[in-house]
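Chemist: Sequence:
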Amino acid sequence: MFNVFVSMAKSSANGALINSGSQYIIYYLIKNIIKDNFVNKEQLIIALIKQERAKSRLIDSYKLLQYEIKQMKEEYNKSKKQNLIGRYINMQRMIYNLIQVERQYWQMYDIPTQAISETPFDYVIRISELIDERNIKSNSTSFTKNGGTIKQLLGASISIAERTKEVSICNLLRAKSLEDLNEIYAQLSIELYKIINKYLGLRLAIHELSKAYKHTRYYPLIPRYNLLKAMIKKILRTPTVLEQEI
1 MFNVFVSMAK SSANGALINS GSQYIIYYLI KNIIKDNFVN KEQLIIALIK QERAKSRLID
61 SYKLLQYEIK QMKEEYNKSK KQNLIGRYIN MQRMIYNLIQ VERQYWQMYD IPTQAISETP
121 FDYVIRISEL IDERNIKSNS TSFTKNGGTI KQLLGASISI AERTKEVSIC NLLRAKSLED
181 LNEIYAQLSI ELYKIINKYL GLRLAIHELS KAYKHTRYYP LIPRYNLLKA MIKKILRTPT
241 VLEQEI
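Residue numbers (the UniProt record's numbering): 1 to 246.
To be clear, the hints were calculated from the coordinates, so they are not data collected in a lab.
Don't take each hint at face value.
To be verified - Quick list of simulated restraints, FRET-style, between CB atoms:
(1) T216 - D122: 19 to 25 Å
(2) Q92 - L64: 52 to 58 Å
(3) L227 - E118: 33 to 39 Å
(4) A115 - K233: 30 to 36 Å
(5) I85 - L172: 20 to 26 Å
(6) T216 - T113: 25 to 31 Å
(7) E74 - E208: 29 to 35 Å
(8) D122 - E243: 24 to 30 Å
Stated by the list, open to error - Computed list of lysine-lysine pairs in DSS-like fashion (alpha-carbon distance at most 27 Å, straight line):
(9) K165 - K137
(10) K165 - K73
(11) K194 - K229
(12) K194 - K78
(13) K211 - K198
(14) K176 - K80
Quick reminder that beta carbons are idealized off the backbone N, C-alpha and C, glycines included.
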């Protein structure tokens with residue numbers, strides 16, 4: 001996390017920010033909204049830490065699903081050398097394993113979709129708060145989102161290692177001007193917004209796979225064999241799956 005903020009700060013200093021298409025527009029809209037929502041540096045630093053936490057945890061969850069899909073791809077390719085019965089059994093197992101990983105509620109985050117009237121800025125804040133509240137409950141701490149301080153927020157860190165990193169981040173951020181913090185926050189908001197949408201897209205694809213798998217559960221072997229192949233090919237060709245980096 002420390003390196004993330006350092007790199008973003010350097011990018012801001014060099015003017016290497018979002019500079020194309022709709023992201024360019026969203027960036028400046030967010031930057032202007034920030035000034036109206038955060039009246040002091042402490043509020044903004046708290047929001048930054050929450051967003052970076054949300055980003056880190058969503059990426060971890062996303063990579064867990066990506067890894068399972070990668071395993072599915074490798075096993076699917078190997079299964080081409082098997083006979084029909086052996087391959088049928090293996091394809092069932094591949095799909096079942098992916099569905100089970102996606103159902104691991106303690107490692108996944110149930111994120112609501114963006115409301116029609118909700119701006120990207122408001123949506124990112126809402127998701128950051130939801131993820132932070134869940135982790136606070138898991139950690140049995142008492143940080144309140146409206147009245148909490150940076151010290152209380154750091155106390156809600158999951159581990160000592162995370163807390164140590166966040167203390168370093170806070171020291172770095174406190175040394176920056178409010179304008180610099182606005183730049184970093186706008187950049188991070190765009191990154192988190194993209195990650196949220198990729199995460200939602202991947203989980204939706206797996207939910208659809210789960211429904212299709214369950215629907216064909218009692219089909220005869222031959223038609224279901226072909227349907228299982230189609231299901232696996234579909235999930236492997238999902239745009240968010242084809243993207244190697246998040």
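Chemist: With reference to the structure, classify each hint as holding or not holding.
Modeler: Checked hints:
{"no.": "1", "hint": "T216 - D122: 19 to 25 Å", "result": "40 Å, violated"}
{"no.": "2", "hint": "Q92 - L64: 52 to 58 Å", "result": "21 Å, violated"}
{"no.": "3", "hint": "L227 - E118: 33 to 39 Å", "result": "37 Å, holds"}
{"no.": "4", "hint": "A115 - K233: 30 to 36 Å", "result": "34 Å, holds"}
{"no.": "5", "hint": "I85 - L172: 20 to 26 Å", "result": "59 Å, violated"}
{"no.": "6", "hint": "T216 - T113: 25 to 31 Å", "result": "27 Å, holds"}
{"no.": "7", "hint": "E74 - E208: 29 to 35 Å", "result": "22 Å, violated"}
{"no.": "8", "hint": "D122 - E243: 24 to 30 Å", "result": "26 Å, holds"}
{"no.": "9", "hint": "K165 - K137", "result": "21 Å, holds"}
{"no.": "10", "hint": "K165 - K73", "result": "36 Å, violated"}
{"no.": "11", "hint": "K194 - K229", "result": "30 Å, violated"}
{"no.": "12", "hint": "K194 - K78", "result": "34 Å, violated"}
{"no.": "13", "hint": "K211 - K198", "result": "20 Å, holds"}
{"no.": "14", "hint": "K176 - K80", "result": "57 Å, violated"}
Violated hints, listed in ascending order, are 1, 2, 5, 7, 10, 11, 12, 14; each of the other numbered hints is respected by the structure.
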